[in-house]
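Trainee: This is what each chain is made of:
Number of protein chains: 2
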Amino acid sequence: MGKYTIGLDFGTNSVRALLVDVASGEEMATSVWNYPHGQEGIILEDKNPHLARQHPADYVQGTTACVRDIIKQTEENISADDIIGIGVDTTGSTPMPVDESGEPLAFHDEFKDDPAAMAWLWKDHTAHAEAEEITKAASRLRPNYLAKCGGKYSSEWFWSKVLHCIRSRPKVYEAAYSWIELADWIPAVLTGTTQPDRLKRCICAAGHKAMFNPAWGGYADEEFLATLDDKLAKVRRTLPDKAHTIAEPAGKLTKEWAKNLGLQAGIPVAIGAFDAHLGAVGSGIKPGVLVKIIGTSTCDMMVWPLEKDLPDIPGLCGIVPESILPGFFGLEAGQSAVGDIFNWFVNQIQPGGANNGSHEALTKQAERLKPGQSGLLGLDWHNGNRTVLVDQRLTGLLVGITLATKPAEIYRALIESTAFGARVIVERFEQYGLNVNRIINCGGISAKNTLVMQIYADVIAKPLEISRSSQSCALGAAMAGAVVAGKQAGGYDTFGEAIEAMTAVRSQKFTPHPDKVKIYNRLYKLYRRLHDAFGTKAADGKLYEVMKELLSIREEVRS
Amino acid sequence: MGKYTIGLDFGTNSVRALLVDVASGEEMATSVWNYPHGQEGIILEDKNPHLARQHPADYVQGTTACVRDIIKQTEENISADDIIGIGVDTTGSTPMPVDESGEPLAFHDEFKDDPAAMAWLWKDHTAHAEAEEITKAASRLRPNYLAKCGGKYSSEWFWSKVLHCIRSRPKVYEAAYSWIELADWIPAVLTGTTQPDRLKRCICAAGHKAMFNPAWGGYADEEFLATLDDKLAKVRRTLPDKAHTIAEPAGKLTKEWAKNLGLQAGIPVAIGAFDAHLGAVGSGIKPGVLVKIIGTSTCDMMVWPLEKDLPDIPGLCGIVPESILPGFFGLEAGQSAVGDIFNWFVNQIQPGGANNGSHEALTKQAERLKPGQSGLLGLDWHNGNRTVLVDQRLTGLLVGITLATKPAEIYRALIESTAFGARVIVERFEQYGLNVNRIINCGGISAKNTLVMQIYADVIAKPLEISRSSQSCALGAAMAGAVVAGKQAGGYDTFGEAIEAMTAVRSQKFTPHPDKVKIYNRLYKLYRRLHDAFGTKAADGKLYEVMKELLSIREEVRS
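The listed protein sequences correspond, in order, to chains A and B.
Residue numbering for the first sequence follows numbering that gives the first Met the number 0, starting at 0 and increasing by one per position.
Residue numbering for the second sequence follows numbering that gives the first Met the number 0, starting at 0 and increasing by one per position.
Note that these hints are calculated values from the structure, not bench results.
Check each hint, because a few of them may be wrong.
Since the list can't tell identical chains apart, any single copy or any two copies may satisfy a pair.
What the hints assert, rightly or not - Derived DSS-like pairs (lysine-lysine); straight-line CA-CA distance at most 25 angstroms:
no.	residue 1	residue 2
1	Lys524	Lys536
2	Lys541	Lys524
3	Lys547	Lys369
4	Lys71	Lys258
5	Lys547	Lys536
6	Lys251	Lys2
7	Lys547	Lys524
So that you can see chain A by itself, here it is in the shape it has in the complex:
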């Protein structure tokens, strides 16, 4: 009789449940449930384009709906008794203010329509001023805090959002007892451990987004936070000294939830983690393997044994012990926009008249072009640069335009520019001693777009493999479920074993073509020149200021 686990994957617009065979990683059933609140699950505000919230009721309702659905889909073949564990991945940093019992303030009548009382979705940028404030203070007082997050604290992260709530909605802040990350809250809900004093928080969210590090004794210290705002102390005091890895259970599934979902009570629910991190697990991450999740943006992850020395790597968004795999440092890099750039060209610019501007049409034409043939070269900073420049105040650039330049040439140049951006990340890893022996890709683009993948292989000059699962995040979550269940229950004792058994790559592989590599090496040198001139003060700084000043003028003029 087989054993099974469930991966719950809380995305930006929907939640997915995946039922996985523990022995083989085979995906037995999947179910997706779209969040009903707001626009595609996101609560927006006309007057504030930076705002993006979610109603936590959607998470609860969605969990019930899609777990019940996979149970129903498989009830003829799989007994619910053979489902031995659950794992959870979510977006992040997506924190929400909660009361003393750990219930979101959005569940209180008083705040039920107040966006500040809901979950502050990862892509909420209302706290950009606070992020700068935190970065400034930390660079003066706690440079070590910044060293582990690429040198800049982001408006997307925990403390920026909490601080912005103090400033913008003090009433909500006053009513809150603590703030909980979505990745922590879901496992706590399922196991009845939401009460902040009992709650286990994950190292992944704590380390990457909330300035937590065992090296300095936990979260950002109270003294430092007080320099930002006295009121932060209240939340700080609810945060534990320890954070947990996905190898640990958050607790056991409560009777109420077991009944609700149709599962056995008491099965373990793993500590949560961010989607990208469990996606890396589901793609088979290990030392020497770079996992790239390529979609609208990318997340590029590696791991490194805890016992080996690891220097700070400038420009890397996050280096956190055990954030991806227990026993290893987790390293996270990424590109702020990839698929989003191609979508911008197709949907916003709408080139090629009535018939020649779809992704399909442009891809067909772009495939016929040789590297270098268009004479175009771009910088892929349409949404800023996450790694290695860690700078949102950067913009896209295209050079080499002539009166003969065609849409498909621009389309290909946009793809190539993101490939060069990807190569910068690979080189940065290798420069600091993390050799990239294999690259395993997952995410929508890797699964579907052979043009992009071949260009990436030719530009990065390494073979690219594709994760077998097209739902690696949910698969990784299910693997966490198998590990917290343990060998005795039919799962695994270690992630190494789980990865060996449950993950694989496709037979299809993208191999670099030597002639193309040669041309791309030359183009990459030029890309680096543009990259350094516009993205760093290393040169004479005259061009570094151009993008900044354009954005400043734009903001002045629009205000």
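The hints should help you fit chain B onto chain A, whose structure is shown.
Mentor: Positioned in the frame of chain A, the structure of chain B alone reads:
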């Protein structure tokens, strides 16, 4: 009884005749005749995209057709006896190989289908290698030759084309007795003076395109030409020591042509000039006035009294005594692409899906944007840079692109980039002591496109006036006809008088808006940074090489 003159304007695709009232400049009749040979009058070759030729038979046939047409249009009100002179403007450098009688080789049976025996149209770029060769030789042996043409000899010019004919079609070159510019050939045909030993050649073509300057005793010397190719001596020996201004007659209209056209025999035909130069005359050029012809590209002209000192101005395509007006230095600058860039975006990129990508739709949306609002900034080098960089190996650039960038924002940024390019030219003139007190614009864009003109006024920070005539080139030619006719015959003795009487500006004027000027001043500073970084070796040279290397790679890959 009024007096009238005819301006004949030989354009790239057609010839125009304009009948003008000498007293007022009023345009009584106009007629356009499209060249029948090739594609829209241009003979092209699939295997050689640089090639662009014209059949000289089209010029002769077109002259007859359109002069007869204006005579016919006005026969009820105007007696042909009151038509007192003819002037001619043409494209250039458009030289053709001729026999001892001055007849084009293309009229010989042997060569009638041979493109090398036809007129080598200004935009023929087959001689790019020869242009480089000439530039190199001149910079070593005759730097003074280069100083007057902006430091580089162009593939579009006389000696490049003649040299390329020696190399590529020696048989045609051997059969030729001399080469004649179209601007010289038409007046010579009408006056029976085509025989090279009698032919009067115009200072305009000689000085701007054939290394002629009174200061060094005429055309490029034989010794210098021999270092390029011995065979050039043959043509050089047919060139006179003197060149002529448009105030001089090429001769008198022959009986045959008078009969053919329906005009009086013996009326004077003025020495020819290039279209842009007579366009400047037709727009009322004088010291302190910059005339800008704005169309697919621009030509920017000023004059300066011969008796005053004038330094070499780096980056100016041409400084030639009396090339525009007798008694003045003629200075010629220009932008390689203006309207062509807007057309590229609309016709080649075809943005905005099915409905929002026309010039009209984009203009409407772009008009609503404030300066700086898009955050975009461009370099207008899609077709290289004529002034002040004199470099065809430059390309367009766009920076400031975000995921929210819209087609109309790019459209406006393209317009603004050409406006910044225009300002560079104005500043270069003023930097060398030629104050620009007025700017008079003519050409298609100035007459029709108020968005472009207002942006130019705001960027250049000077009021812009528009020439009254929409056919300033033909008007300028007709004015030359009035001057060679002289006061006694009912014309004028000087161009000063002709300009006073026959030219005017529209009442409509584009006045800079102080708030917009302020923003554009800041954007212009950024434009200059990009301009200098990519267009000159002045900075560390690292970006200067980017555009060059992209073009080199492109050529390698395509070959």
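Trainee: All hints, please: hold or fail.
Mentor: The hints, checked one at a time:
Both within a single protomer and between protomers do Lys524 and Lys536 lie at most 25 angstroms apart by alpha-carbon distance, with minima of 18 angstroms and 18 angstroms respectively. Taking the shortest Cα distances, Lys541 and Lys524 sit within 25 angstroms of each other both inside one copy (20 angstroms) and across copies (11 angstroms). Taking identical chains as interchangeable, the C-alpha atoms of Lys547 and Lys369 lie at most 25 angstroms apart only when they sit on different chains, with a minimum of 18 angstroms there against 34 angstroms within one chain. For the identical chains of this complex, Lys71 and Lys258 are intra-copy neighbours only, at 14 angstroms inside a copy versus 100 angstroms across copies, given an alpha-carbon limit of 25 angstroms.
For the identical chains of this complex, Lys547 and Lys536 are neighbours both inside a copy (12 angstroms) and across copies (24 angstroms), given an alpha-carbon limit of 25 angstroms. Taking the shortest alpha-carbon separations for Lys251 and Lys2, only the intra-copy value of 18 angstroms comes in at or below 25 angstroms, while the best inter-copy value is 106 angstroms. In the homo-oligomer, the alpha carbons of Lys547 and Lys524 lie at most 25 angstroms apart both inside one protomer (24 angstroms) and across protomers (13 angstroms), since each shortest distance falls under that limit.
When the structure is compared with the earlier hints, no violation turns up for any of them.
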